[in-house]
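Please build the complete structure, drawing on both the sequences and the hints.
Number of protein chains: 4
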Amino acid sequence: MVNVGVLGATGMVGQRFIQLLDKHPDFEITALAASSRSAGKKYEDATTWYLDDAMSDSVKDIIVSETEPSSVGNDVEILFSALPNGHAAIVEPKFAEKFVVASNASVMRIEKDVPLVVPEVNPEFLDIIDVQQKNRGWDGFIVTNPNCCAIPLSLTLKPIYDNYDINRVYVSTMQAVSGAGYNGVPSMAIVDNLVPYIAEEEEKLEEETLHLLGNLNDLGVTPAKFGLTTSCHRVAVIDGHTEAVFVELDQDIDIDDIKKNIANFKSVPQELDLYSAPKNPVIVREEDNRPQPRMDRNADGGMAVTVGRIRKDSAFDNSFKYVLMGHNTVRGAAGTSILNAELINKTIL
Amino acid sequence: MVNVGVLGATGMVGQRFIQLLDKHPDFEITALAASSRSAGKKYEDATTWYLDDAMSDSVKDIIVSETEPSSVGNDVEILFSALPNGHAAIVEPKFAEKFVVASNASVMRIEKDVPLVVPEVNPEFLDIIDVQQKNRGWDGFIVTNPNCCAIPLSLTLKPIYDNYDINRVYVSTMQAVSGAGYNGVPSMAIVDNLVPYIAEEEEKLEEETLHLLGNLNDLGVTPAKFGLTTSCHRVAVIDGHTEAVFVELDQDIDIDDIKKNIANFKSVPQELDLYSAPKNPVIVREEDNRPQPRMDRNADGGMAVTVGRIRKDSAFDNSFKYVLMGHNTVRGAAGTSILNAELINKTIL
Amino acid sequence: MVNVGVLGATGMVGQRFIQLLDKHPDFEITALAASSRSAGKKYEDATTWYLDDAMSDSVKDIIVSETEPSSVGNDVEILFSALPNGHAAIVEPKFAEKFVVASNASVMRIEKDVPLVVPEVNPEFLDIIDVQQKNRGWDGFIVTNPNCCAIPLSLTLKPIYDNYDINRVYVSTMQAVSGAGYNGVPSMAIVDNLVPYIAEEEEKLEEETLHLLGNLNDLGVTPAKFGLTTSCHRVAVIDGHTEAVFVELDQDIDIDDIKKNIANFKSVPQELDLYSAPKNPVIVREEDNRPQPRMDRNADGGMAVTVGRIRKDSAFDNSFKYVLMGHNTVRGAAGTSILNAELINKTIL
Amino acid sequence: MVNVGVLGATGMVGQRFIQLLDKHPDFEITALAASSRSAGKKYEDATTWYLDDAMSDSVKDIIVSETEPSSVGNDVEILFSALPNGHAAIVEPKFAEKFVVASNASVMRIEKDVPLVVPEVNPEFLDIIDVQQKNRGWDGFIVTNPNCCAIPLSLTLKPIYDNYDINRVYVSTMQAVSGAGYNGVPSMAIVDNLVPYIAEEEEKLEEETLHLLGNLNDLGVTPAKFGLTTSCHRVAVIDGHTEAVFVELDQDIDIDDIKKNIANFKSVPQELDLYSAPKNPVIVREEDNRPQPRMDRNADGGMAVTVGRIRKDSAFDNSFKYVLMGHNTVRGAAGTSILNAELINKTIL
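Residue numbers (full-length UniProt numbering), protein chains in the order written: chain C, 1 to 349; chain S, 1 to 349; chain Z, 1 to 349; chain U, 1 to 349.
If you're looking for bench data, these hints aren't it; they were derived computationally from the structure. Be a bit skeptical, because a hint or two may be false.
[Stated by the list, open to error] DSSO-like, lysine-lysine: derived pairs with alpha carbons at most 30 Å apart:
| id | chain 1 | residue 1 | chain 2 | residue 2 |
| --- | --- | --- | --- | --- |
| 1 | U | Lys-41 | U | Lys-23 |
| 2 | U | Lys-41 | S | Lys-259 |
| 3 | S | Lys-42 | U | Lys-260 |
| 4 | Z | Lys-279 | C | Lys-42 |
[What the hints assert, rightly or not] Which stretches of chain S does chain C cover? Using the computed rule of at least three CB atoms under 8 Å from a CB of chain C, they are:
| id | stretch |
| --- | --- |
| 5 | 160-173 |
| 6 | 193-204 |
| 7 | 225-238 |
| 8 | 241-255 |
| 9 | 289-300 |
| 10 | 307-313 |
| 11 | 317-331 |
[What the hints assert, rightly or not] Here are some chain U residues the structure puts well away from chain Z; computed CB gaps all over 10 Å:
| id | residue |
| --- | --- |
| 12 | Lys-60 |
| 13 | Ile-63 |
| 14 | Glu-66 |
| 15 | Val-131 |
| 16 | Gly-137 |
| 17 | Asp-162 |
| 18 | Asn-183 |
| 19 | Asn-215 |
| 20 | Asn-217 |
| 21 | Asp-218 |
| 22 | Lys-260 |
| 23 | Lys-266 |
| 24 | Tyr-275 |
| 25 | Ile-348 |
Every value quoted in this text rests on a predicted model; they were computed, and no experiment measured them. Every residue gets a Cβ at the ideal spot worked out from N, C-alpha and C, and that includes glycine.
This is the structure in structure tokens:
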């Protein structure tokens with residue numbers, strides 16, 4: 001068993017980490033770090049638990065530690081970070097001197113020597129870790145997972161990108177409120193309403209998706225070359241981000257072939273049979289009215305993205321469109337971070 | 001005063017007609033027709049009223065008539081039709097033998113000699129009425145308004161189409177539940193959820209929008225030539241359809257110029273100062289987080305479409321994107337039908 | 001293994017039966033009956049699945065049978081009925097000639113020789129079965145479970161009723177939309193709204209709760225004698241009925257003693273260790289803001305009722321109040337029906 | 001015209017004050033005070049407007065002033081306070097040295113010489129103003145309106161209390177999210193959920209309702225003597241608090257007589273024909289499924305409370321029950337405060 005800890009353990013993504021790590025066969029939570037206000041208390045007493053599943057008994061009595069490398073214990077190997085960006089920027093590098101940091105924060109994603117990875121999409125980017133450790137003189141390192149919309153989008157685009165020449169992609173999102181944190185979206189803003197804007201979301205979604213599908217070389221990552229534009233919106237859904245995707249290829253469309261490539265897509269986590277890896281990263285459904293957040297977000301424990309309505313787009317040559325939906329705090333955040341750690345544990349540590 | 005009637009008067013769009021016609025300076029409701037089950041009763045007793053505003057006293061005592069030309073009274077000149085398609089196909093032509101029928105049903109929109117009109121977009125299409133009357137030997141005629149998403153989309157595209165060369169348009173909708181009728185969307189389907197499909201909606205939205213922006217000539221209507229693709233979704237909003245729109249032009253973009261053209265757009269209803277015409281058909285807002293259904297759907301009595309987030313799209317050359325929102329049962333249905341009738345009343349009758 | 005079937009298998013409560021029976025150690029589904037429209041098809045093809053958890057593979061290929069005793073197979077012993085009342089009234093007695101019928105329908109609950117049972121509350125009422133079989137000359141019999149609000153209310157009142165003298169009970173409910181069936185509550189009726197009325201609900205809730213707490217004797221059931229009044233309301237919640245309960249005793253209040261009696265309540269299903277029996281039928285929480293439907297409805301697989309805010313009521317002598325919440329289609333319907341069958345299987349069959 | 005100002009003008013209740021005062025025939029807004037962060041800016045620039053109706057042009061250019069008596073201008077006579085309690089406790093007394101303060105804050109309601117008034121219920125309590133001015137040496141004074149649930153409850157109980165002997169009242173509320181302020185209820189807490197607790201709400205509702213129905217005498221106010229208990233809950237409704245009410249009288253019930261007394265109830269504001277006074281403070285509806293927040297909250301501009309389901313309660317002697325619903329930020333807050341000011345303006349100033 002590898003001892004692991006969670007930074008930002010009392011927040012919503014922190015709780016999702018704890019829930020997903022419960023009964024994990026390889027990782028055991030031994031450290032939970034949070035703000036000074038919580039430090040010193042039992043986790044159960046420090047935390048307002050937000051998830052539908054009850055808090056696991058195994059973490060209730062863990063004493064919350066300060067968010068400092070010296071506080072989490074020497075026996076910890078991996079720290080999952082659910083810290084907000086400001087704090088992550090300061091603290092994650094300190095932890096990385098000694099520990100593996102698998103981070104959901106976006107602040108370090110832009111560093112050239114920090115791998116931004118979705119294990120099914122670009123596992124080879126973990127090779128940058130050597131550079132990172134050399135550059136910075138760290139014994140540990142930081143690995144990051146992308147934005148909650150970029151993860152499911154890249155998972156569905158990967159089998160397309162690998163098999164065809166993508167020319168253009170247009171994406172319009174309908175995102176769940178949990179993506180903004182527990183207090184992020186007031187009910188006054190979303191009941192009988194929607195909000196057509198999420199700060200910095202379109203930038204991240206566009207940049208990170210092209211990065212994930214890009215090419216690692218000596219100069220760093222060369223992003224994928226096709227055009228990608230997005231429009232991001234918040235809707236009255238608790239969990240599950242939905243994206244309407246329009247794709248133009250540089251070649252003729254065989255819609256059945258495309259469906260088959262998406263449905264049959266498997267990658268390294270499936271080959272290595274990693275614990276959190278879904279059987280299929282993307283589930284293709286044939287019903288007209290799927291995917292739906294409430295019906296599909298828990299597919300394969302929330303780690304599979306569901307795609308539906310894959311159809312030819314007669315408005316443009318060589319074009320098709322589809323709708324995807326993935327659990328934003330499982331596949332779109334904590335789950336992918338854990339899958340990264342499982343891949344690292346199996347192949348690097 | 002012109003005497004008018006409403007067909008399908010007890011349903012949701014029928015009620016919206018009645019609400020919008022209340023205190024109308026030129027139209028007076030003298031006939032309300034519905035199914036045989038309702039016929040013979042006072043409107044107040046025949047109807048479960050669904051709108052937030054209370055039923056107007058002026059219609060409460062009207063005796064509901066059968067949906068037959070002989071039942072609505074000879075003094076009626078215009079009939080607004082909120083009938084479902086199946087019924088509309090049979091009944092509207094009968095009424096058109098004698099009356100002006102302003103219909104919200106989609107079934108007659110495909111007839112070559114039936115004008116499909118948004119008064120600000122293609123008022124000249126009313127010229128087909130002559131052909132229709134000659135073809136069919138009718139004293140009256142049918143005029144139709146488009147689909148609830150095509151109306152606001154065409155209103156925002158019109159000033160773009162008139163001033164630039166549109167190459168491509170991609171649209172993703174987030175539509176209110178009222179669009180499906182009172183019983184159309186079960187709460188089980190939409191609370192904490194969304195449905196990424198609306199039957200036949202994408203087809204109508206694409207075809208009708210290109211038709212509205214098309215060109216009337218001797219052979220009928222030649223649709224606009226640019227590519228238009230859509231993806232339609234239902235969300236947990238009572239009233240107000242939102243659409244994320246991506247536009248590619250065939251020329252350079254001057255985003256301020258585009259904004260100005262949209263914001264300053266006025267057309268025939270504004271020139272004629274029609275009663276239901278909004279001051280501006282499209283209101284441009286500068287805030288990042290607008291338009292929002294609950295905040296903007298009642299702009300100018302629900303007759304103005306609100307547009308926000310008009311921004312350059314750096315992913316593609318000559319491209320920009322925006323978000324629009326319009327009240328789907330006012331501007332997107334009954335309100336446009338009434339505006340059509342006002343235009344006809346002023347220019348034809 | 002006992003072979004079981006589900007009547008009304010394609011509807012929402014029918015689906016809940018199937019979900020809860022999946023992997024059951026003693027019951028195996030071998031028959032699924034539905035309307036003639038579905039009969040002859042594979043269950044998977046006949047059904048629009050409404051539940052968040054995916055349909056179990058084990059039922060997908062079962063051929064749906066007609067809702068007739070001759071169609072479900074001779075090897076079936078127990079039939080769970082999720083039929084609507086009208087159909088149940090006709091069909092359930094026919095099935096009971098030969099099979100055990102555990103019914104969620106309300107129509108047979110009023111029959112004097114048909115036991116209305118919540119296993120933790122009044123298991124002894126199963127003794128009426130002998131009378132029923134004798135009266136009607138049946139080899140099988142019918143057992144019913146109560147209304148979805150009466151089940152959790154009776155579960156929380158039972159330990160109070162057994163330990164104190166109840167004088168008055170006032171109940172105000174906030175009920176989930178799933179209680180009305182998939183199409184029961186239009187989204188137009190409940191988004192940004194609530195409906196303060198549910199047909200026949202108050203009558204059932206009052207009558208059945210007093211019946212469950214009543215006394216079985218030679219003349220039938222003598223209902224409990226205290227006054228019970230209710231007001232029933234529908235709110236925008238998918239699953240989980242909440243009830244605000246005000247109780248007046250005929251004796252002094254010791255609020256800690258009351259809490260203890262509710263929290264420690266166990267009964268026959270717990271003693272017999274029945275498979276679907278929750279460890280504690282009622283979970284008492286101390287947080288001010290609990291129970292909440294989304295957080296607590298799945299407690300102990302949805303079979304435990306959660307109670308919070310047990311507090312002295314200073315407005316009246318000898319009074320206290322509390323809030324309860326239970327999953328309305330699990331504990332409040334299919335789950336209690338299955339628990340009845342488990343009790344019958346262990347003690348009678 | 002009387003010049004008036006609003007304290008806490010940028011918050012949600014402050015905005016409601018401004019909306020309701022727009023086009024007021026007797027009051028003209030000349031001062032808008034808010035926090036130092038806003039002071040000095042134009043109101044339009046200082047405020048994120050939350051209401052569906054657009055901000056009135058007449059206030060957009062008013063320069064926001066500091067919340068100090070010296071800043072609001074000498075020509076102001078009445079200040080409406082939408083301040084939070086902590087600030088109100090400090091600032092309102094300072095303003096009252098010189099101005100009339102009509103406050104929606106709860107902090108001063110408990111002061112013996114500060115009238116807590118609903119104009120239709122206890123207008124005579126304004127007589128305490130003299131005592132207040134004498135006690136405190138103020139030229140102005142403070143008048144307060146009650147809690148958002150106590151206002152509609154007292155309005156419906158008043159005609160009952162005046163005509164019968166009330167023995168007991170049990171109330172269970174279902175309250176809108178706007179009552180907690182714009183950021184008060186996170187969407188994560190209320191979508192597909194409800195919260196069975198609102199801090200201090202039950203205490204205020206019970207105490208203030210009995211106070212309003214009480215008796216003013218030389219010793220102050222003697223509260224009404226009947227027992228009143230409440231349970232308060234938050235549901236997914238934007239505006240409109242609903243209350244299920246159970247009443248026991250000390251005498252026989254004539255349900256038609258009770259209905260008539262409630263429906264015909266009029267009081268001083270109706271007699272004086274005050275501008276904001278609804279024609280009937282309480283509207284009685286006969287439909288089973290009313291009142292509903294979305295349908296009834298705007299009745300008579302949001303100033304009328306709607307009552308439905310008035311019915312005999314067969315569980316107890318001399319008992320009946322009903323459901324009420326009122327707009328919580330109009331009738332339940334700013335609207336009653338303005339009505340208080342209108343009454344004062346007509347009878348005292």
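Hints versus structure:
| no. | hint | in the structure |
| --- | --- | --- |
| 1 | U:Lys-41 / U:Lys-23 | 23 Å, holds |
| 2 | U:Lys-41 / S:Lys-259 | 27 Å, holds |
| 3 | S:Lys-42 / U:Lys-260 | 25 Å, holds |
| 4 | Z:Lys-279 / C:Lys-42 | 26 Å, holds |
| 5 | 160-173 | holds (count 3) |
| 6 | 193-204 | holds (count 6) |
| 7 | 225-238 | holds (count 9) |
| 8 | 241-255 | holds (count 3) |
| 9 | 289-300 | holds (count 7) |
| 10 | 307-313 | holds (count 3) |
| 11 | 317-331 | holds (count 4) |
| 12 | Lys-60 | 28 Å, holds |
| 13 | Ile-63 | 35 Å, holds |
| 14 | Glu-66 | 37 Å, holds |
| 15 | Val-131 | 29 Å, holds |
| 16 | Gly-137 | 37 Å, holds |
| 17 | Asp-162 | 21 Å, holds |
| 18 | Asn-183 | 17 Å, holds |
| 19 | Asn-215 | 19 Å, holds |
| 20 | Asn-217 | 23 Å, holds |
| 21 | Asp-218 | 27 Å, holds |
| 22 | Lys-260 | 21 Å, holds |
| 23 | Lys-266 | 25 Å, holds |
| 24 | Tyr-275 | 29 Å, holds |
| 25 | Ile-348 | 35 Å, holds |
In terms of the numbered hints stated before, the structure departs from none.
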